Amino acid sequence: MDYSPREIIAALRAGMLDRVLKSNTVWLCTSCYYCTVRCPSGIKITDMMYELKRLGEEFGLVQKGAMSPVISKAFVNMVDKYGRVHETMLMMNVLMKTKPWALLKMMPQGMKLIARGRLPFLPHKIKGISEMNKCAGAMTVAMVGGLHPGGRSAKEA
Amino acid sequence: MEFAYYPGCSLEGMNKAYDQSARLVSKSLGIDLKELNDWNCCGASAYMSIRELRAHLLSARNLAMAEREKKDLAVVCPACYTNLTKTNHYMGEDARLRRTVESALKAANLQYMGTVKVRHLLDVIVSEIGESEVRAKVTKPLSGLKIAPYYGCQFTRPLGDYDDKEFPTMLDTLLKWLGAEPVYFPLKAKCCGGILMTTNESVALPLVRSLLDSATQNGGECIATICPLCHMTLEAYQGDVNKAFSTGFKVPMFYFTQLMGLAFGFNKKELGINQELISSKALLEKHLEVAR
Amino acid sequence: MAEKIGVYVCHCGSNIAQMVDCKNVVDYAATLPNVTVAREYQYMCSDPGQELIKKDIKELGLTRVVVASCSPLMHELTFRRAVEEGGLNQFLFQMANIREQCSWISEKKEMATERAKAIVGAAVKRVAFQEPLEVKKVPVNPNVLIVGGGITGIEAALQIADSGKKVYLVEREPTIGGYMTRFDKTFPTLDCAACILTPKMVNVAQHPNIELLSYSDVTGFSGYVGNFTARIRRRPRYVEEEKCNGCGLCTEKCPISVPSEFDCGLGKRKAIYRPFPQAVPNIPVIDREHCLFFTKGICKVCVKFCPRGAINFDQKEEFLDLEVGAAILATGFDLFDASKVKQYGYGRLPNVITSLEFERFSHASGPTGGKILLKNGQTPASIAILHCIGSRDTNFNEYCSRVCCMYSMKMAHLAHEKTEGKVYEFYIDIRAFGKGYEEFYKRLLSEETVFIRGKAAEVTDVAQTPAEKGRLIVVAEDTLLGIVRRTPVDMVVLSVGLEPRKDAADLARIFSISRSQDGFFLERHPKLAPVSTASDGIFIAGSCQGPKDIPDSVAQGAAAAANVLSLIDRKEVTLEPTVAVIDEESCSGCKICLGLCPYNAITFDETKKVSKVNDALCKGCGVCVAGCPSGAIEQRNFTDAQLLAEVESVCASGK
Amino acid sequence: MRKVESNFEPKIVGFLCKWCAYTGADLAGTSRIKYPPNVTPIRVMCSGRVDPVLVMKALSSGADGVLIAGCHPGDCHYTSGNVKTIRRFKLLQRMLDQFGIERDRVRLEWVSASEGERYARVVENMTETLRTLGPLNWNGSEEV
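Residue numbers (numbering that gives the first Met the number 0), protein chains in the order written: chain A, 0 to 156; chain B, 0 to 291; chain C, 0 to 654; chain D, 0 to 143.
Just so you know, the hints here were simulated from the structure itself, not pulled from any lab data.
Worth double-checking, as some hints may not be accurate.
Restraint ranges, calculated between C-beta atoms of paired labels, are given here [claimed, not checked]:
no. : chain 1 : residue 1 : chain 2 : residue 2 : range
1   : A       : Arg18     : C       : Thr188    : 30 to 36 Å
2   : D       : Ser140    : B       : Ser102    : 41 to 47 Å
3   : D       : Gln92     : C       : Lys54     : 38 to 44 Å
4   : C       : Gln463    : B       : Lys285    : 30 to 36 Å
5   : C       : Thr478    : A       : Met110    : 45 to 51 Å
6   : D       : Ser30     : B       : Gly91     : 23 to 29 Å
7   : B       : Lys285    : A       : Asp1      : 28 to 34 Å
8   : D       : Pro72     : C       : Leu616    : 20 to 26 Å
9   : D       : Ser30     : C       : Glu251    : 54 to 60 Å
10  : D       : Ser30     : C       : Thr478    : 27 to 33 Å
Note that the coordinates shown come from a computational prediction; the quantities given were computed from them, not determined experimentally.
Even for Gly, the Cβ is constructed at its ideal location relative to N, Cα and C.
For reference, chain A alone in the conformation it holds in the complex (with noise of 0.2 Å):
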């Protein structure tokens, strides 16, 4: 971890945005809410995680080489396909893109659980998805419009 979450506080307040979007800080947070809910302060320092990261992604600010992102990005892009999320899918896009050779690393393991019928090959497309992009259009449209920024930063929160 380059910098704590009181590291990347001070940084935030020192005006260095930057430094903390390129640090592995906030990728390496894995949303476990142990700083929100022992924040003396009353910081919901994972929901600022949260929006730094979707800062980062937005302004293509992010640790070189990272797949965290990556990872983000795929699973957005297959929720807003199919509107739920599927495992294999997901990991196998994922791995593609980044470490290739992972894959034949996690083969054994793969074809244990395919044995046990744990992974199914086609994902499930929900019957609302066209509603669903319907209410997110509409949503971007009122975040264009500057009704909503893109998220619900840290500081009000």
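Dock chains B, C and D against chain A, hints included.
Here is chains B, C and D on its own, set in the frame of chain A:
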């Protein structure tokens, strides 16, 4: 007791057995789980990370549909629980967020008034069904079985106020009702690192190792889970841990609903125990007469 | 009505003037009916400001005065006095609050000015309907009630009693002395708590002017300044105070041993016991829950051995009504319950203890005779002291408990001295603000205490290295180093913060005083009236008002005593004449008002068939006024005509 | 849908009890908390002094709403004055119904001496509500 049931994406895939056993034991306890029609992804961490607002929209769609059916929502995946609850909570306290989400829902003729309660199935069983009814269903008590009760992160954090945020005890309580012996497990609510496994193995593996260490050192013969991601991580990566740290873990993993099922007398196949990666056969034979 | 009204708009420096266009308000006021003169001035509360009013009353023959300035809570009395000195009855004055409820809450000058005009307009309209009233003087009862016998209450009691006044000192516990009796040494001088406290406790016991009511509490409090009645509940000790000579034989012979509350459960006491040997009064008490006679009807060993026949199992709870002129609440604090912060393991991990438990360990007459010991009886080789437990934390108490930094450093010093082991302090900030405090911190730094700047994240028993095995590991980000450190130690001491007493809300209700957001009793003014309350004649001192160390508590005890003495020596006090009066002509005799009055101040005159208000009992709430179906009751200075005038003016403003 | 009248600023009469609500409102000022200027305060000794007649008078004289604020139940300086306020308030609401006046126009709120922030929020909230309800324009005789 009737709920709209929200299985969540990972119960459709690798954690099918969780879904299977949850439905089975719920039914036998008189909890009527009706799968929420055409539910969608809750907007879990990976989505929330870069599309926060839209993640709330995803959860809100599920909530709106449950509201239309006039039911509360029963959830088994703690991540889904957290996301749905968070949306519920934030829409209540942040008027601007509410307005934005409401107006977006309108595009699909949906509306959400904030009346749905999101409940984790474990909370429903312990708080609503209660000791006497659970005990009454136990035909094959898990006597002598020493279990490390593992809650993971998002069962009570940040918003589940039905149990302690640092040291939850609900699962311990339930396991006792089943006749089993929950062991002291100080890491019971720590992160398994699952979400980092593909991206930062060097960070994630030691977390898995410390969990297995603590569980076994305190006498745990197996681990009970309530989270599909935790379950998957501890199960699928035990081999990697053994390789990386020269350890020899072979700790069987159970969803808490599978343990309930065993105690209620269901067979292993019905509960999806046959889908496990680390065999529990020897352990179960030692403690229970479930050679079936 | 041909009144001559003077309106004075105060700038309050820039407090009002920078947000309210005072000139505009004055011009507006001048146009209002009956207004003879309208002026603005920099500081109306200053001498020249008050002179302005007096002069105008004399020269222009004003019959009514309105001052638009700060809140009436601030300066209503000041201006009433000025009006009186100018030759007008003080109740022909009305205050318009254009500071606290106007300029300070506004963002736009135009809006603030309009609001000020509405407020001033209402006051002008109202004041025309005000009537001259006579204040009533009543004698002050010179006896004083003090609730709480900790160091604060003791100090107050001795100060007042020494001046020759009678003090009733009510203490809930079997002994006075409070928390201080349980401490070992005191910071920063390290003098022993008992050495400085016990002589004062003895003074209380022997003082002819102090009546000590221990093992008692206040259950009711009524009346008004100078003339209160306090109802005291005396719980049965089952030992007759007049007969017992404190020989202690009963305690010695009692066969039942239970954990001692005084020692935080670390030591034992008997079922008939004194919390500690120097207890005042030096009279034991029987704990009903454990005494064999009360639980099983057997034993009576104490009866057998008592040389004075002082044991009396038939004692009953008694109630006592005391007449007093003033009261001081010095009820102190509760300690934060460390088990609420689960990540530190209090109650789960042995050898995680609280600071009070540490005091008992360290105390020479404590359960270990002054030795600091682990659960296994060994001396710890390393101790970590964690600051701010339950304090400065939005999850628990947001405020700083003020004493923990200093007592933690005192503990570090004692721990080091007694164990010769390593001592770590985990702190957020060191707050060493008092006389000699910073110097004490410097001394600790030179005594090899390791200060780690970082709030501990958790205390865990899960070892990651062989060196951590079997020990407690404090995990904290060292914010000076910028890394997370794991510090293995043998013992962890949690420096718990101070909280309002659990029953503070009940006591506040009994005494009709307010509490601040944090739950402590609310002072009348945080700077200028720190020991007064909004209720005349009732004072607060010590930690019941907010966390305080011993020097500050003693200072407040003495301050409250001075306030009380100044009140008593006035011999008489004036009462607000804002009481209710019943117009006999209009009263229909329905008696509805009788049930409405919380003070039983209304009686029914059977011969005239009308209700009557007893002036001395009426507190002027006005509840009966609003409830009278015939409109026969009026509240002085809050008459229907006055309030309606205000309402009408507000509604008409800006139109 | 909320009706937004851009220029309408409701006029609200606030009856504040001296011990809690008025002191709380003072605290909001001392803490420099900003809130809308729509509620003009009138000080009473106890919320129990607020005769329904005063409220109706305010509404018929041009006020768009009335706020009654006192000590929290149980904390009344006069032990139980606010309990009587609660009872009277219910009566008052029935009177409002009879005249066809929205119940939201008259509010009873508890604000302690230490709740400056809360007082500001109450005022903000009530002002917002009345902005959407629009002007009352009631002359006191017939239904609105």
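- Item | Hints the structure fails to honour | 1, 3, 7
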